[in-house]
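So the protein lines, in turn, are chains A and B.
Residue 207 in the working numbering is what sits at position 207 of the first sequence, and the numbering runs on without skipping anything.
Residue 44 in the working numbering is what sits at position 44 of the second sequence, and the numbering runs on without skipping anything.
Keep in mind that the hints are not guaranteed to be accurate.
Derived lysine-lysine pairs resembling PhoX-like cross-links, with alpha carbons at most 25 Å apart [said to hold, decoys possible]: (1) A:Lys-137 with B:Lys-50; (2) A:Lys-299 with A:Lys-75; (3) A:Lys-529 with A:Lys-215; (4) B:Lys-211 with A:Lys-114.
Don't read these hints as lab results, they were simulated from the structure.
Values in this document were obtained by computation on a predicted structure and should not be read as measured data.
So you can see what is in the structure, the chains are spelled out below.
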Amino acid sequence: MTRARLGLLAAALALVLAAAPVSSGPAAPVRGGTLTIGRPVDAVSLDPHFETTAPGAWIYQMILEPLVTMGPDMKVRAALATAWRVMSPTRIRFTLRRDVKFHDGTPFNAAAVKFTFDRAFDPRSISRWASLAGPIKGVEVVDDFTADLVTTEPYAPLLHSAAMVFAGIVSPTAVARLGADFSRRPVGTGPFKFEEWRTNDRITVVRNDDYWGPKAHLDRIVFRVIPEESARMIALRTGEVDMVLVPAPAQLATFARDPGYTLAQATGLRVVFIGMNLTRSPLSDVRVRRALVMASNRKAILQNILEGAAGPSDGILAPGVFGYKSLGLDTLYPYDPARARALIQEAGFRPGPDGIMQRDGIPLTLTLITARGRYFKDAEIAEAYQAQLREIGVRLEISFLEWATVFTMVRAAVLDAHMFVLGWVTTTADADYTLLPMFRSDQVPPRGWNTWRYFNAEFDKLVDQARTSLSPREREELYGRAQEMIARDIMFVPFYVTKEIALMRSHVKDFVPHPIEYNQGFQYVWIQK
Amino acid sequence: MTRFVLRRLLAMIPVLLGVVLLIMVTIDLIPGDPAALMLGQGATPEMVAKLRASLDLDQPLPVRYVRYIARLLRGDLGRSVREGRRVNTEIADVWPATVQLGLAAMTLAVAIGIPVGMMSARRPYSLLDNLVRIVSLAGLSMPIFWTGIMLVVVFSLWLGWLPAGGRGSWYHLILPAVTLATPSIAMLARMTRSTMLDVLREDYIRTAQAKGVATRGVMVRHALRNALIPVVTILGLQTGQLLGGAVLTETVFAWPGIGRMLVRAIFARDYVLLQGGVLVLAVTFVMINLLVDLSYAYLDPRITYQ
Numbered sequence: 001m002t003r004a005r006l007g008l009l010a011a012a013l014a015l016v017l018a019a020a021p022v023s024s025g026p027a028a029p030v031r032g033g034t035l036t037i038g039r040p041v042d043a044v045s046l047d048p049h050f051e052t053t054a055p056g057a058w059i060y061q062m063i064l065e066p067l068v069t070m071g072p073d074m075k076v077r078a079a080l081a082t083a084w085r086v087m088s089p090t091r092i093r094f095t096l097r098r099d100v101k102f103h104d105g106t107p108f109n110a111a112a113v114k115f116t117f118d119r120a121f122d123p124r125s126i127s128r129w130a131s132l133a134g135p136i137k138g139v140e141v142v143d144d145f146t147a148d149l150v151t152t153e154p155y156a157p158l159l160h161s162a163a164m165v166f167a168g169i170v171s172p173t174a175v176a177r178l179g180a181d182f183s184r185r186p187v188g189t190g191p192f193k194f195e196e197w198r199t200n201d202r203i204t205v206v207r208n209d210d211y212w213g214p215k216a217h218l219d220r221i222v223f224r225v226i227p228e229e230s231a232r233m234i235a236l237r238t239g240e241v242d243m244v245l246v247p248a249p250a251q252l253a254t255f256a257r258d259p260g261y262t263l264a265q266a267t268g269l270r271v272v273f274i275g276m277n278l279t280r281s282p283l284s285d286v287r288v289r290r291a292l293v294m295a296s297n298r299k300a301i302l303q304n305i306l307e308g309a310a311g312p313s314d315g316i317l318a319p320g321v322f323g324y325k326s327l328g329l330d331t332l333y334p335y336d337p338a339r340a341r342a343l344i345q346e347a348g349f350r351p352g353p354d355g356i357m358q359r360d361g362i363p364l365t366l367t368l369i370t371a372r373g374r375y376f377k378d379a380e381i382a383e384a385y386q387a388q389l390r391e392i393g394v395r396l397e398i399s400f401l402e403w404a405t406v407f408t409m410v411r412a413a414v415l416d417a418h419m420f421v422l423g424w425v426t427t428t429a430d431a432d433y434t435l436l437p438m439f440r441s442d443q444v445p446p447r448g449w450n451t452w453r454y455f456n457a458e459f460d461k462l463v464d465q466a467r468t469s470l471s472p473r474e475r476e477e478l479y480g481r482a483q484e485m486i487a488r489d490i491m492f493v494p495f496y497v498t499k500e501i502a503l504m505r506s507h508v509k510d511f512v513p514h515p516i517e518y519n520q521g522f523q524y525v526w527i528q529k
Numbered sequence: 001m002t003r004f005v006l007r008r009l010l011a012m013i014p015v016l017l018g019v020v021l022l023i024m025v026t027i028d029l030i031p032g033d034p035a036a037l038m039l040g041q042g043a044t045p046e047m048v049a050k051l052r053a054s055l056d057l058d059q060p061l062p063v064r065y066v067r068y069i070a071r072l073l074r075g076d077l078g079r080s081v082r083e084g085r086r087v088n089t090e091i092a093d094v095w096p097a098t099v100q101l102g103l104a105a106m107t108l109a110v111a112i113g114i115p116v117g118m119m120s121a122r123r124p125y126s127l128l129d130n131l132v133r134i135v136s137l138a139g140l141s142m143p144i145f146w147t148g149i150m151l152v153v154v155f156s157l158w159l160g161w162l163p164a165g166g167r168g169s170w171y172h173l174i175l176p177a178v179t180l181a182t183p184s185i186a187m188l189a190r191m192t193r194s195t196m197l198d199v200l201r202e203d204y205i206r207t208a209q210a211k212g213v214a215t216r217g218v219m220v221r222h223a224l225r226n227a228l229i230p231v232v233t234i235l236g237l238q239t240g241q242l243l244g245g246a247v248l249t250e251t252v253f254a255w256p257g258i259g260r261m262l263v264r265a266i267f268a269r270d271y272v273l274l275q276g277g278v279l280v281l282a283v284t285f286v287m288i289n290l291l292v293d294l295s296y297a298y299l300d301p302r303i304t305y306q
């Protein structure tokens, strides 16, 4: 190599170095590349009307778009509708985008919206989404690009229902052409198009180059199924996947310290709690119930069992839900075993020779049913709570059952247990979705989810009023009062609010974690080269 | 011979009818309503009732049984409760993966287990034999789950030679096949060793050696062939295990096979899918055992079937 050439090389090198970003701030997105995501289970179906769990929703939320959508800030945003107006307590009018085509070339219009809702709410077929959306009657076409969403009775959370990912508008021609197969090959308007589904192995979506909005950066997103937790984490380390959903909690701290990885999280919408059966003595006595809350060291459980993978909970609603009000459990019923014991004694119990409280010679033994692994750390929490109750002289007998059995038992007309571990997601992100079916007097199983069998006519009136009111401020106020009643009559011990967590290699940029587990923001991710 | 095969195939019919009945009764006995589970937290009792009706779940067990068998005769395994897909398609999706993995594991088991057993039997209580016996005991005792994770840690994470999971190229097959084959290799090695030791004490072996047949010839032609019958029996039973018991391997290596499909079906109480999957496994198992029986006649000419 001659001296001149060497000089040239040096000059070129200097140029390259100068051009290279020296760990600069936010870099501009780069187009191209494949994002491979590892997750524990495969989708059941990609049809939003029938599959409302995250493994399917994660994928079809990029293929199908609703009229409006819920942003990460939990505010409703425009999607396929540019504007909307609440016409009456039973009607919202949507103005639709005019420049949109489905992936199969079918034009998007009011007829497609009507088709989608007719399909989901067809009384002959049972769509799972219909069971979550409220009293929706259907869609009325006003003109080609105006459509009214109508309910059978006043329903204030209607806009929230329309913003659920399950409300994605489907291509009418594709549904007609594919029939039942639509669930394996959905066709919508979204930034990604369906490409391939290999059962229990992987689902692939590709960028929609004709998207009406800002186009995606990635060429392709591959969702791989890796059921085993440690295998999933190894695949992240070896680079076989770029991102892991539902990462191993015990390894989160290690990965968070490693600059090669990025941890993204948002407080979710699911609250996991131990519920009490008010029809069983002595839980019908509010003093005993309050004692059971005071006996729970929830902070210790959060720190030592959940290890930062979940957030603190102070109610039946998660903080992101419209209408949420903190119950103030830490001030009303702070962790205090001595006061808990006193309350139990007030209810007529006395410590027996073995330290267990008893009344009329009968020891205070409570039964609890739980699944193992249905909710994150459910069994471990039940065991820790058992030990904490022991401190105040209450014996807790835990039955570990399979989830299907727990589900059947809590939904039966008669619940044959004192307590149960359950989780609840406020899927619409509106308090109505939880406070009405879980607490209204007529919602006792098998009809609804009033699993504690709580009867309070005053409470019923509040949630009814809140369902029909058109004023968000009034609704918040009503839900606040309803939650104060719940706090007073307390019938559950909330243990945590879920976190939506994604762990990725640090070259994955601009992933947006979302409080709603279905809406995780994969769309505008890009990969730094 | 042909008549024997036909008779055995006919005998499969009551076996399979029994299998279907057994699955249906079992699912009926365990608590958990597939319709309620499927609709989830927002469903009203009316919705659940409607879904139950559309799935035939409101019918009594004997009616469902007869209807199912009638469909089965037309080759229709029904539609999955949870996914609404045809069970035939569903199984066609996952079955090849399981067969591929099972065949690979069985090939490994035969190719390694039998020769190792023979070498071990040739010089009993030698260093090699002791080593084989210890290693095979370990192979039998290690849980598949643990073996799998260890192999992934070593070959994927540390060495980076092989992918940690998924199904794709031939490289993807190596680790799951080795994991699944490990207990079978150990089993076959021990079985071959002990039957070979028995056979090697026979008079005809001494005769063969006396007339000057080379050791290799004695071992393979005279001893191994006679020692194979119990080994083949074990092999047949092991194959059933490989096909059905691959759930753990499939889980560790994210292998999209029938084992994982069945587990999912159980948790969703998807009884139609479950019935179809178990039925396919039962048919396979019965067929393999038929092949094993037929192979006896080939291995030992004294055995004939009528």
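Checked hints:
{"no.": "1", "hint": "A:Lys-137 with B:Lys-50", "result": "holds, 18 Å"}
{"no.": "2", "hint": "A:Lys-299 with A:Lys-75", "result": "violated, 30 Å"}
{"no.": "3", "hint": "A:Lys-529 with A:Lys-215", "result": "holds, 19 Å"}
{"no.": "4", "hint": "B:Lys-211 with A:Lys-114", "result": "violated, 91 Å"}
In summary, the numbered hints that this structure violates are 2, 4.
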